[in-house]
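Protein chains: 2
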Amino acid sequence: MAQFRVGLLGHGTVGAAFAQLLPRRAARIERITGLSPVLSGVLTRSGGGSFDDLLERSDLIVELIGGLDPARDYLLRAIRAGLHVVTANKQLLSHHGEELWDEARSHGVQLRFEGAVAGVVPVIRVLQESLAGARIQRVHGIVNGTTNFILTEMARTGCAFSEALAEAQRLGYAEADPSEDVDGRDAAAKMAIIARLAFETPVHIDQVRYEGIERIAPDDLEYARELGLGLKLIGTAERIGDDRMSVSVHPAFLYPGHPLASVNGPFNAVTVESEEITEITMSGPGAGGPQTASAVLGDVISAMIPPASTPPATERLQVAGDIVSAFYLHLEVADQPGVLAQVAHVLAGQGVSVKSVVQKGLGDQARLVMVLHPVLESRFAAAMREIAALPVVRAAPRAIRVIEEEFV
Amino acid sequence: MAQFRVGLLGHGTVGAAFAQLLPRRAARIERITGLSPVLSGVLTRSGGGSFDDLLERSDLIVELIGGLDPARDYLLRAIRAGLHVVTANKQLLSHHGEELWDEARSHGVQLRFEGAVAGVVPVIRVLQESLAGARIQRVHGIVNGTTNFILTEMARTGCAFSEALAEAQRLGYAEADPSEDVDGRDAAAKMAIIARLAFETPVHIDQVRYEGIERIAPDDLEYARELGLGLKLIGTAERIGDDRMSVSVHPAFLYPGHPLASVNGPFNAVTVESEEITEITMSGPGAGGPQTASAVLGDVISAMIPPASTPPATERLQVAGDIVSAFYLHLEVADQPGVLAQVAHVLAGQGVSVKSVVQKGLGDQARLVMVLHPVLESRFAAAMREIAALPVVRAAPRAIRVIEEEFV
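For the protein sequence lines, the chains are D and Y, in the order given.
So for the first sequence, this note's numbering puts the first residue at 1; every next one is plus one.
So for the second sequence, this note's numbering puts the first residue at 1; every next one is plus one.
It cannot be assumed that every hint is accurate.
Just a sample of chain Y residues kept apart from chain D, beta carbon distances all over 12 Å, derived [what the hints assert, rightly or not]: (1) 1; (2) 2; (3) 5; (4) 28; (5) 183.
A short, non-exhaustive set of chain D residues, derived as facing chain Y with CB atoms under 7 Å [as the list claims (entries may be wrong)]: (6) 91; (7) 95; (8) 121; (9) 122; (10) 218; (11) 221; (12) 282; (13) 316; (14) 320.
The hints are simulated quantities; they were obtained by calculation from the structure and are not laboratory data.
Keep in mind that this is a model prediction, so the values were computed, not measured.
Where is the CB? At the ideal position from N, CA and C, for every residue including glycine.
Work the whole structure out from these sequences, hints included.
So, in structure tokens, the structure goes:
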């Protein structure tokens, strides 16, 4: 199979994760694209080596060194050499995006940058492709995970900004020098890129008004709770009339129904509004090595082949006959002692353990409601049949699955 | 400019919305693709006309008639004639997807179907393109807006299933014959398509276990509230070990932190989990003529040209100097009568009206906290300067923007 050679610039958190991910997913990428992806070389800021050499040995350049220089120069040289390029560099695009996009167009190569905004949350692709036919009215975004984590901590614990920042640093959600995150400049760069795509207007980071969260006090969050509001650092890109727009980043309160109100911790999220689509919201981890590397890899695959068709179904997973689920169980029971003991005995006999129980009502209204820990559905079904046959159970049991908050 | 001729099958809710949307967005599509899109003809189930004629006059076929026949035959004939095709037909793809995808691949044409699952929520594109490099572990989805509206109503009002269904029908969220929605079959078709893409395994709708919401009782929702849970109709596609999967649709309880727990009313949402990406969630309107038509149009544009580059910035929107915002205002004030009156007088003088007020604390702790209605930021800033100068205001006022729940 023909090779597709990927030259990598940068070997920090995202770069190293990308270098690990590419070989792990190579077999799948071969099935999708018909090409075998290989890492042709890695150039780091400090590591020496020749960029011209790397160019000659590559079909595509992935830029993950960050900053303006030499990233800009490297990307321009790759584009002029006719290579597709993928970058996650928000500062570069918010300063020199038009130059790079113009150059890519005139050389007929792809410049992809999903990882530059909100990590693996597919904001860029959705704005550029899914919504290519929509007239976008407004975008709201939580596009900085550090500040969202800090505000979530302040709301949860009542602590001061400085304490929440220290906790974020301890957990790796904030850097040793957190100023670009907490003062809003990082979010401003991302909103400049979003506004460029949403409104087809050149937007430079210096045109974005921004404000950080350093001056948010614990009692702002306390009053907010009384008023029923949540506090986030919100980027806004908004069309005003026919020929104006506003792009800004500010701390802002959200009413509980707002789709961004429930986005907590280091997550990012973006809501896009237009007359045709009403609104769509996307959310997920806004940073992290493996997550951002996944966004970069999605871009690389798209650059390898226009995704013109659904790949053949090369897997043959079997449909499982019996799976593990957690259940809620609702029983109408006799109002007498020992009912819970009988039901619990049956459950224990099938290996079903109880997470929580509510007993309610008297006489005909007596109810036993339980949440059970995950168990094979066949075991649960057997327990249900036994429970339904108990004389103290007065009507058919009702069971509903429970989905727990769990990450892979 | 060269024309790109779109032949339309079907003129129901989505078809009619698409026929309206295409000419409205034609100028933008020309800028992106370099081609001028025109509607070459419309064929309806009842309207007569020749499909062969339409094929000859078209570069792409949009299928929005629904059902298995004649949709399957039309799409196969279009593909064999070398035309790209776009469809929103979930029943067809969940029955005959492999046949259609194989045929499209072997003829080198695109078969796109974003509108078939969750309307304008970009589930299909994200699974196929953004996450092409990820090994997906699990997908959870609220993929039927009718049932989500009914469950939201039952939770909100305590009413019975039949009453909530009647309300859904009154508002146009449920059809006269709602059985495919409420019994889970519509969601099952969508989960079959999602599982096919997530696991690269052929999935037929008959392999999806499904259950509806007809038997959900008001007290299930009441007990759920006591247990801190929310109830949704959840589709699950899950990888089990290395060679098995499970695809199902069931009513299920969600813990409040789950990203789908806050998806209410007729909205759809899908959460995708994998080791590399942690999880991403997408949400938005799952149906509706203009919304689904937007998804179809995004597919048509992608089929017109591989989105290889960021289009030139053809707009030149100005950055607005002064915009309208709502504010929260936090004042440390003297603990004496008349403070609110003085502040309200200043606000009124600048045309700022008050939405809600909380007065708290005594002595040095006296605070006046307000939420204000939207106003030009320059007027608000002028009011802030006057308020800061009031002798009864003892420290610099703190203001934070408030984002209201409002749709375009």
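| Are residue 316(D) and chain Y close enough, Cβ to Cβ, to be under 7 Å, as the hint says? | This interface hint holds because 6 Å falls under the 7 Å limit.
| request: Classify the hint on residue 121(D) as holds or violated, based on whether any CB of chain Y lies nearer than 7 Å to its CB. | output: holds, 6 Å
| query | Does residue 91(D) pass the interface check with chain Y, least Cβ-Cβ distance below 7 Å? | reply | violated, 17 Å
| Does residue 183(Y) sit more than 12 Å from chain D, CB to CB? | Non-interface label stands for residue 183(Y): nearest chain D Cβ at 16 Å, farther than 12 Å.
| query | Does the interface hint hold: is residue 282(D) within less than 7 Å of chain Y, judged Cβ to Cβ? | reply | Holds. Min distance 5 Å.
| field | Agreement of hint residue 95(D) with chain Y interface, Cβ distance less than 7 Å | value | violated, 15 Å
| query | Regarding the hint that residue 221(D) lies at the interface with chain Y, is the smallest CB-CB distance below 7 Å? | reply | violated, 10 Å
| message | Given a cut of 7 Å on the nearest C-beta pair, is the interface hint for residue 122(D) held or broken against chain Y? | response | At 4 Å from the nearest chain Y Cβ, residue 122(D) passes the 7 Å test, so the hint holds.
| task | Run the C-beta distances from residue 1(Y) to all of chain D and say if the shortest one exceeds 12 Å. | result | holds, 17 Å
| request: Against chain Y, run the beta carbon of residue 218(D) and see if the smallest gap drops under 7 Å. | output: Where the cut-off is 7 Å and the nearest Cβ of chain Y is about 12 Å from residue 218(D), the hint is violated.
| query | Holds or violated: is the Cβ of residue 2(Y) farther than 12 Å from all Cβ atoms of chain D? | reply | At about 18 Å from chain D, residue 2(Y) clears the 12 Å cut-off, so the statement holds.
| Does the interface hint hold: is residue 320(D) within less than 7 Å of chain Y, judged Cβ to Cβ? | This hint holds: residue 320(D) lies near chain Y, its Cβ roughly 4 Å from the closest one there, short of 7 Å.
Checked against the numbered hints given earlier, the structure breaks hints 4, 6, 7, 10 and 11 and satisfies all the rest.
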